[in-house]
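Novice: If you want the building blocks of each chain, they are given just below.
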Amino acid sequence: MKFAVKAWSNGRARTGLLHLGNYPNPIETPALLLPTRKGLPYFISPDLLPSLPSPDSHLLQVCPLHFLEGLSPKTISKVGGLHQMVGLPEYGFAAVARDSVQCLPECNSTNKVGASFETPCGRLLIKPADYVEMISSMKPNIWATLADEVPAWVSDKRNKTSVDRTVRWLDECIALSSAGGAVFGSIVGGPSVEERERCTQEVARRNVSGYWIGGFGLGESMDERPALLNAVTAILQEEKPRLVCGLGLPEEVLQGVAAGIDLFDSEYIYHLTLEGFALTFPLGGVGVNVFSFDPNNLGSDRSKINLRATIYRKDTSPVVENCSCYTCQNHTKAYINHLLNVHEMLAQILLEMRP
Amino acid sequence: MALRFEVLGRFNRARAANLTLPHFLCQTPLFMPVGTQGTIKGLTTNQLEEIGCQIILGNTYHLALRPTSELIDELGGLHKFMNWPRALLTDSGGFQMVSLLHLADITEKGVTFQSPVDGKPMLLTPEESIQIQNRIGADIIMALDDVVKTTITGPRIEEAMYRTLRWIDRCIAAHKRPNEQNLFGIVQGGLDPVLRDICVRGLVDRNLPGYAIGGLAGGEDKDSFWRVVAQCTAALPEDKPRYVMGVGYPLDIVVCSALGADMYDCVYPTRTARFGTALVTEGVLKLKHNVMADDTRPIDPTCACMVCKNYTRAYIHCLVTKDAMGSQLLSYHNLFYMMKLSRDLHSSIIEGRFPQFVCDFLRKMFPKGDVPEWVCNAMEVAGIDISSCCAPFISSQE
Chain A
2 MKFAVKAWSN GRARTGLLHL GNYPNPIETP ALLLPTRKGL PYFISPDLLP
52 SLPSPDSHLL QVCPLHFLEG LSPKTISKVG GLHQMVGLPE YGFAAVARDS
102 VQCLPECNST NKVGASFETP CGRLLIKPAD YVEMISSMKP NIWATLADEV
152 PAWVSDKRNK TSVDRTVRWL DECIALSSAG GAVFGSIVGG PSVEERERCT
202 QEVARRNVSG YWIGGFGLGE SMDERPALLN AVTAILQEEK PRLVCGLGLP
252 EEVLQGVAAG IDLFDSEYIY HLTLEGFALT FPLGGVGVNV FSFDPNNLGS
302 DRSKINLRAT IYRKDTSPVV ENCSCYTCQN HTKAYINHLL NVHEMLAQIL
352 LEMRP
Chain B
2 MALRFEVLGR FNRARAANLT LPHFLCQTPL FMPVGTQGTI KGLTTNQLEE
52 IGCQIILGNT YHLALRPTSE LIDELGGLHK FMNWPRALLT DSGGFQMVSL
102 LHLADITEKG VTFQSPVDGK PMLLTPEESI QIQNRIGADI IMALDDVVKT
152 TITGPRIEEA MYRTLRWIDR CIAAHKRPNE QNLFGIVQGG LDPVLRDICV
202 RGLVDRNLPG YAIGGLAGGE DKDSFWRVVA QCTAALPEDK PRYVMGVGYP
252 LDIVVCSALG ADMYDCVYPT RTARFGTALV TEGVLKLKHN VMADDTRPID
302 PTCACMVCKN YTRAYIHCLV TKDAMGSQLL SYHNLFYMMK LSRDLHSSII
352 EGRFPQFVCD FLRKMFPKGD VPEWVCNAME VAGIDISSCC APFISSQE
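Protein chains in written order, with this note's numbering: chain A, 2 to 356; chain B, 2 to 399.
It is worth saying that the hints were derived from the structure and are not from the lab. All values reported here derive from a predicted model rather than from experimental measurement. There may be inaccurate statements among the hints.
[Claimed, not checked] Listed below are the simulated DSSO-like cross-link pairs for lysine-lysine, each with C-alpha atoms no more than 27 Å apart in a straight line: (1) K75/A <-> K223/B; (2) K223/B <-> K241/B; (3) K287/B <-> K223/B; (4) K310/B <-> K79/A; (5) K305/A <-> K81/B.
[To be verified] Computed footprint of chain A on chain B; a stretch qualifies when at least three of its residues, placed anywhere within it, have a C-beta under 8 Å from a C-beta of chain A: (6) 71 to 78; (7) 288 to 300.
[What the hints assert, rightly or not] Just so you have them, the derived chain A footprint on chain B, three or more residues with Cβ under 8 Å: (8) 308 to 320; (9) 327 to 338.
Quick reminder that beta carbons are idealized off the backbone N, C-alpha and C, glycines included.
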């Protein structure tokens, strides 16, 4: 993996180019990582992936813990790694231990031996050695080291411990790992600017290819974030990429961009898809969006519409006019409304493809 | 009449044909996947085209409930609503009579259902069924028939057969779009050859564009099943398509095609996919089983589909029954398998190698030579020599 900053804004925001070894075209950052379940998108099947804009859609996020449910590292190695296993040799995978949907960090059960997660297989304690074994069999392009993530309301002592553990586990992961792939050092520190700075300084001293900034999307408010993010990015080396998980809404992503973050996860899209929402905000700058706030629209607003709403029953227009995505080119709001009403899987497939 | 049926090749009773419908030129024998509620579960219309689907089934009963046939009509018909450019077939809603019988009351007037959505009574008359199907706009529509389970005996079967004939006249009278939609009649009569014969002759008298063989695939024994199909295909006109409803298993499709049937539909391939079962040349593969957890072979090494080219049994195993993607990938493979079967049936008949195809198929499915007796009997009537696939069996007379 190679990363280079292309251009600067007046503040910390920057654009960059990310080169993956297995894909010819570089990916422009800031960029989103597509959420996956066991390596494939939740709903978009692999043959439909090419209909998403390229190369922007070539970065996928994967959670190694998903594979604990039925696929051993030995088998994954036998097939030749994650890319072979999911039939996407030209896509980039970034592995992060937690995902925001099903493998949530359980900080009360985490101890000095390993990080605890609530997963569909129950509560699991993952030691650095286990984690590295999974990573080695998967061979992702990028992987974040095992972290002790804590939500914003923990005690100072607990927060401090999380930083100490995360740094220690970073060293263990690097020491144990023989896998290729770019290692992203994990930075935590909860709600404390001092701890964030302390963690960042430690991680910045290590030989890593980039940084994963954790501990967000765990209950802190949007107002607290810029200070914490900026505390981190102020110290980090400019030319190494930064990945953050847990920033959901478009506004939150923009906060991250302003602080100098290059890569974001997008579990938010999964939640939108399940709820029946389609994103509709105009992409090219500020559009004049004449949209009346109708309380019957089930939460629709200027940035998204809920296609379950009955006003769409007979609406034969695409979700967004002049949009070139598969869903807008082929289907109407009325059809998606019907699919949602009768609980058909196709609804989620079409909605996931839309953002 | 809004179709053309042109037989291009034969082997004894089996035939391969071009079936030209308003929206698509289809090749028979063919299998029609079932898209009950205006979608095949988990697949886009693009994928269905790629796989080679020619006709999809929509279910009148479900669509009339949601989103209603009036809405579909208002929005330009089901083709436009679901954006499917090829052919569509709607059934009459009659099958639900059998599958939801405890909620239904059948009289000469029609069928009363209790709507499972909101409990309100719904009356389906022949006229109403045709009107709903006219609004939905499929290329082929089915007459409302009085269906009885083949496992039932007694006078009910005869009553249902005669009622079906009375209802076909009401369906014909109610049909407002005969130049755009083809009304198929359905042969009923249970397992009784006399009743089936009366029904066939009655329907043929009405000179319909095509005919279906109904009331089967409901639990009757295989020996009775093939005999009814054989009798009907022998009696139905040569120059019109024959559709065996609710079939089904690949083996059944091969046998029925040998006996002279052209079209099939069933939820089996897609439903079994959602339970983790893949269709393969040897039969089925149950990907749920733990033994699959480290099997790094593809589902079917001879299959050219996207799933078999890219994925191992181990990976699919970890997905099935747990993640939507598992259902999608297996549905894709299973339908691909069925479409390939359809294409192979069509081309082997045209290219004069149908018997070899049948033998090859049976040999792969029954490598020990234990071809079921009903298949042997059916193939004998079909005039296909499958002795090379059958192990010499020990007759009970010895």
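Novice: Hint by hint, say whether it matches the structure.
Specialist: Outcome of the hint check:
no., hint, in the structure
1, K75/A <-> K223/B, "45 Å, violated"
2, K223/B <-> K241/B, "25 Å, holds"
3, K287/B <-> K223/B, "23 Å, holds"
4, K310/B <-> K79/A, "17 Å, holds"
5, K305/A <-> K81/B, "25 Å, holds"
6, 71 to 78, "holds (count 4)"
7, 288 to 300, "holds (count 3)"
8, 308 to 320, "holds (count 9)"
9, 327 to 338, "holds (count 4)"
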